[in-house]
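J.: Construct the entire structure; sequences and hints are all you get.
2 protein chains.
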Amino acid sequence: MRLRTLALLSLLAATLRADEGMWTFDNVPKAKIKAAYGFEPSDAFLDHLRLSSLRFPGATGAFVSAEGLVLTNHHVGLGAVQQVSAKGSDFVKNGFLARTRAEELKIPGYELLLLESYQDVTTAVNAAVKPGMDDKAARTARENELARLQKAEAERTGLTVNPVTLYQGGEYWLYRYKKFTDVRLVMAPEEGIAFFGGDWDNFTWPRHDLDFTLFRVYENGAPHKPAHFLQVSAEGAKAGDLVFASGYPAATARQETFAQMAYARDRQLPLRLKSMARLRDALAAHGKTSEEARRLVGDQLRGLENNLKRQNGWLSGLKDAVAMARIQADEKALKAFVAKDPILAARSGQAWTKIEAATRREAALLKESTFVAARNSNLLVHALNLVRLADETAKPDDKRLNEFKEANLKATKTRLGSPKPLDPGVETALLAANLSEAKDELGAAHPFVQAMLGGKSPQEAAAAAVKGSKLADPAERKRLMEGGAKALADSTDPMLLLAKKLDPLNRKVRKQLEDEVQGVYTNMGGRIAEARFQAYGKTQYPDATFTLRLTYGAIATYPANGTQQQPFTTFAGLFDRAWGQGELAEDGAWALPPRWKSAAGKVELSTPFNFAYAADTTGGNSGSPLVNTKGELVGLNFDSNIEAQVGRYFYDGRTKRSIAVDARAILEALDKVYGAGHLAAELRMK
Amino acid sequence: MRLRTLALLSLLAATLRADEGMWTFDNVPKAKIKAAYGFEPSDAFLDHLRLSSLRFPGATGAFVSAEGLVLTNHHVGLGAVQQVSAKGSDFVKNGFLARTRAEELKIPGYELLLLESYQDVTTAVNAAVKPGMDDKAARTARENELARLQKAEAERTGLTVNPVTLYQGGEYWLYRYKKFTDVRLVMAPEEGIAFFGGDWDNFTWPRHDLDFTLFRVYENGAPHKPAHFLQVSAEGAKAGDLVFASGYPAATARQETFAQMAYARDRQLPLRLKSMARLRDALAAHGKTSEEARRLVGDQLRGLENNLKRQNGWLSGLKDAVAMARIQADEKALKAFVAKDPILAARSGQAWTKIEAATRREAALLKESTFVAARNSNLLVHALNLVRLADETAKPDDKRLNEFKEANLKATKTRLGSPKPLDPGVETALLAANLSEAKDELGAAHPFVQAMLGGKSPQEAAAAAVKGSKLADPAERKRLMEGGAKALADSTDPMLLLAKKLDPLNRKVRKQLEDEVQGVYTNMGGRIAEARFQAYGKTQYPDATFTLRLTYGAIATYPANGTQQQPFTTFAGLFDRAWGQGELAEDGAWALPPRWKSAAGKVELSTPFNFAYAADTTGGNSGSPLVNTKGELVGLNFDSNIEAQVGRYFYDGRTKRSIAVDARAILEALDKVYGAGHLAAELRMK
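If you read the protein sequences in the order shown, they are chains B and U. Just so you know, the working numbering puts 1231 at position 170 of the first sequence, and the rest follows in order with no gaps. Just so you know, the working numbering puts 1340 at position 279 of the second sequence, and the rest follows in order with no gaps.
Calculated from the structure, these hints are not laboratory results. Where hints are given, some of them may not hold.
Said to hold, decoys possible - Here are the simulated DSBU-like cross-link-like pairs (lysine-lysine), alpha carbons at most 35 Å apart as the crow flies: (1) Lys1691(U) <-> Lys1658(B); (2) Lys1370(U) <-> Lys1335(B); (3) Lys1471(B) <-> Lys1428(B); (4) Lys1658(B) <-> Lys1240(U); (5) Lys1691(U) <-> Lys1240(U); (6) Lys1428(U) <-> Lys1380(B); (7) Lys1370(B) <-> Lys1299(U); (8) Lys1733(U) <-> Lys1733(B).
Said to hold, decoys possible - Pulled a few chain B residues facing chain U out of the computed Cβ check, cut under 7 Å: (9) Asn1223; (10) Asp1262; (11) Thr1630; (12) Ala1633; (13) Gly1634.
Stated by the list, open to error - Covered stretches of chain B (chain U as the covering partner; in silico rule of three or more C-beta atoms under 8 Å from a C-beta of chain U): (14) 1378-1386; (15) 1636-1649; (16) 1657-1667.
Even for Gly, the Cβ is constructed at its ideal location relative to N, Cα and C.
T.: Okay, structure coming up:
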């Protein structure tokens, strides 16, 4: 019985893990890929893919023509499209097409990076650590040395050089990028087709989003002729085909221990989801008070719904017993490896126990660390930052609260100076929600609740503070920022008074959390990472760090919603959903843009539109090019399903699917819907 | 806080309940419908719908032309289509179309019923109860009187008269049906389009099934001209439209107490689902031993998967805290009503407590009552029935085991005599699964396990019994059936020997269950039903009893799978799924039949295909006609979503949706795909 269970578990574990990994390009598991698919990517194949790939702000793109055409997602390029929308012409809503090179629109300040080369500097960095240094001092010594090497290399080459830490310190690298600074908008579809189904359809499958935008890179005023670009595949891909995606996955937390994941599952996420749902309900209720209120809370509400959806995805993934058993089995194996080596055991053997103890401490602090805070109230956040600014900036950098450290100070000041208007109604609703939840969760007798409410109800206290405060005015905040301690001391602004009461209470719980929890996670997590790197080295991939990675897998169905999901959708499906939902459903979330309403008769309806594939992507992979085994472009990654969201913690190949626009859909739309045959031809050109 | 929670609960309860109800046609909640939709169905409207509706074996249909054309689901008519499939022409696979009346194929033995009138005989039936009778005697007296009245009425009218018990005995009726015995097949689409997506898509939405078949009723050799038929709507329905469905919902268990539902949720269903999954795995493993084995277990595997899907739906519905809180609140209200009336309190006040105690007893008996049984093994079931047949039939009817009572004896004997071949490999797998699960669940020391295994492993014991048994041969079973006690006593068939050991053990636990659990449920459930009928009378609808009911609601979206579902699908969606899944996925579950492969260019792709609507249907509503407020046919019910399955226990209007074929899809397919314009024209004729 026991053996059978284990055999079943290992079979499932194999399925869980198939095609797992966000691999650095210096360490692609060629043999594993060959064993699974009979295809071994050559160095030339990998270089071609890497040298065609581009780093966008927070995302990915790729060269797709000899004339510097660049493909990424519409939602990646959205800011740029907004930026160049001329007066009276809303390119986000109506789309944009340059019919000639001259019509291509330069995006001021937009920069793309191409990873030209990289260099392992681990030995040099580790040499900076001197005997006797504790964990923190050693970390600082390494960071300083890496920064020094980076600066020297940037000066030497004139390139953009980034310091890169992989495997939580197992490796240190310098990545050298070529930077492109003349980026022009060539073509953008309407948001209504790029983001068809809106936030409702986010993280869902089947999907029908034409989520692409075309830019062109110029150099010296002429289209850049890239050394490498991805040629669009003539025949396209089919179910079962192996595809490769290169891209910039932003962050994962897959090295967390089982205790940390169990804490997230049992304590952190349930409270956070409950709290988000409560805020969502409060904002929705405020939105019902007037049409204007509804408009004002719209963005935040949508953001909350999406966050709820994604983090509910984390939680259901963490509740999967088979996946969690695998995490435990992996951890057990690593512990056994550590136990066998006395030196390693002395250094890392207690790390898991200490982290587990820290999760218990985090659980004990959870409510206070969550609710004794300015959270959600923009005015109270501003007030608290104003109260702290002068004090904090007077301290040495390493003694400051995180948001006042040199690395973050500029961003904090920018937020304080933001000209974005703050609506008193919304602000009252936000602060009231904050206070009423704190009262319910901490109890009316808690010092924070007492201090904030002063005997009033949460609604009264919030209304009074917002009404009496001038902090919604950027000029007033500027005056207080510049006025220093005296201006602060003189002010009787009620929001500032609340912040002054909050300050010591919040500092206390933050310090507890940092000393007793986060510090343990960092130090002990670092030691586990050391042990893991000793045990497995580069047979494993490093956590995502917004550096270029390769992932791969097959276009594939998966079981969901009571059936097997279709691996492809088609243009026919797009029209089915538009017609089946109707124009008016959910404020027109599935309403087709005007030129698409009459497109059903123009396009070949069986053309694939989106597809689902089993690879290991995460946020930052938006815009990742997908290539077949010939290195030809077959798709453009833009999302992943809800089952994929737990990818933050681990990869589950049974149901995790990434979602791509099929390259044939882009060509068909350019040819038949947008009258942009010249661009389709450029994409097809060898 | 408390009040706010209650207010929220009652708001949700209102949503839960909107459009709940399977109403008898004598008691349609006209005022409630008018209040919700501004439309009050007249008596003429209701008569027209009722007198157009037909009872199929286990399902529903309706007259849809002046010439006796009858519409129902393909899966309802499937048996008839199989029955008349000529040699070499598989009408199930290839479809069937009569181009002329002469080509319409009579289905021998097929009968349809039309509910012409009904009569309340409650007073007469209740008069049969004499003072001093206990619950059981009173039940028998009523049953006898109802049977007597039914017989007299049938003789008087020459009609088919059915006795009907509603509200668990709150009302007794005689339903008078006109019977049609000349039913001919007119048109059936291919199963591949009627059941597109196969079992995979069962209970799912969005859906793309052209699940209809056309029959014609003849009388005296000529097409019957019905007094009422449902005219197809020219304009069709749209999202938000109110629709009415008439039909024969088979059975619900909505009067069960909270304790019974909690028992099903916490004990019964978890064990049953675990057990079904285990059997599924065992059969699937056997199916992997050869191609022939795979074929042999196919039907049973699909049945198991569907049952798992449906009962998982029950379980997730029962786990919904909001819905269960409503059940509790309803029960509390009824208990309060009972407590206020001393007579009622004396009779029914203890009923809930007694039922709750019986659920605890049922839980204690659960494993034995489940596993000390012949279940799943066809050979052991046959053997047990053979062992018991002579003994049981010698007893008076009311002392017999249920399957040997006169009402069921014929069916039991038919099963025993079934010529269906039993494969030794499959039978060994089934019996081994039975025994190995019993061993794991009851323990190796349990008398049943000891008796069945006799020291062997489950696999060995099963193999030996199947190998040595001749009971797979229908002739041998016939010999034993007819040979009486002597033949049984002489037989050394090892399966019979197992059955002889099983017999007393199984009788013991069955008797415990009947006396201590089911008897309590019947008697105490009856008393609660009495109280409920006193409290609410006909403001509530009776549980489904395979009698004609009206249900209604709007065509509507619902939240599922992370988004809002589309209320309609279209022909475009059908092709999207066929193209997106591919011909080969899951043994061709989404492969289009040949004439549909080329149909995308022939049909108007935006024509609605299926739709989801919020009404209260269940099994037996298959083939229910859907009419708009003009009484015109707009759709044909054929399924409901997974969220609807908990409708066995309660109605949840937030997410329960019934699923229909759009009438326009039928016309479009007849016109453009099947070349059956003459039938489309007949459907359109006034």
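J.: Has the given pair, Lys1691(U) with Lys1240(U), been kept, meaning a C-alpha gap of at most 35 Å?
T.: 27 Å, holds
J.: Hey, Lys1691(U) versus Lys1658(B), does the alpha-carbon distance stay inside 35 Å?
T.: 32 Å, holds
J.: Double-check Gly1634(B) for me: the hint is only fine if its C-beta lies closer than 7 Å to a C-beta in chain U.
T.: Since the shortest Cβ distance to chain U is 3 Å, the answer is holds.
J.: With 7 Å as the cut and Cβ atoms as the points, is Asp1262(B) at the interface with chain U?
T.: Holds - the Cβ of Asp1262(B) comes within 7 Å of chain U, reaching about 5 Å at its closest.
J.: Between the alpha carbons of Lys1733(U) and Lys1733(B), is the straight-line distance 35 Å or under?
T.: 27 Å, holds
J.: Does the CB of Ala1633(B) sit less than 7 Å away from some CB of chain U?
T.: Holds. Min distance 4 Å.
J.: So if I understand the rule, the pair passes when the alpha-carbon distance is 35 Å or less; does Lys1471(B) with Lys1428(B) pass?
T.: 30 Å, holds
J.: Mind taking a look at whether chain U covers the region 1657-1667 of chain B? Criterion is 3 or more residues with CB to CB distance under 8 Å.
T.: Coverage by chain U holds here, the residue count being 3 at a Cβ distance below 8 Å.
J.: Counting residues of the region 1636-1649 of chain B with a beta carbon closer than 8 Å to any beta carbon of chain U, are there 3 or more?
T.: Contact hint for the region 1636-1649 of chain B vs chain U: holds, 9 residues under 8 Å.
J.: Given the hinted pair Lys1370(B) and Lys1299(U), is their alpha-carbon gap at most 35 Å?
T.: 30 Å, holds
J.: Restraint: Thr1630(B) near chain U, CB-CB cut 7 Å. Satisfied or not?
T.: 5 Å, holds
J.: Lys1370(U) and Lys1335(B) were given as a pair; does the straight-line alpha-carbon distance stay at or below 35 Å?
T.: Distance ~29 Å between Lys1370(U) and Lys1335(B) Cα, so the pair holds.
Violated hints, in rising order: 4, 9 and 14; the structure is consistent with all others.
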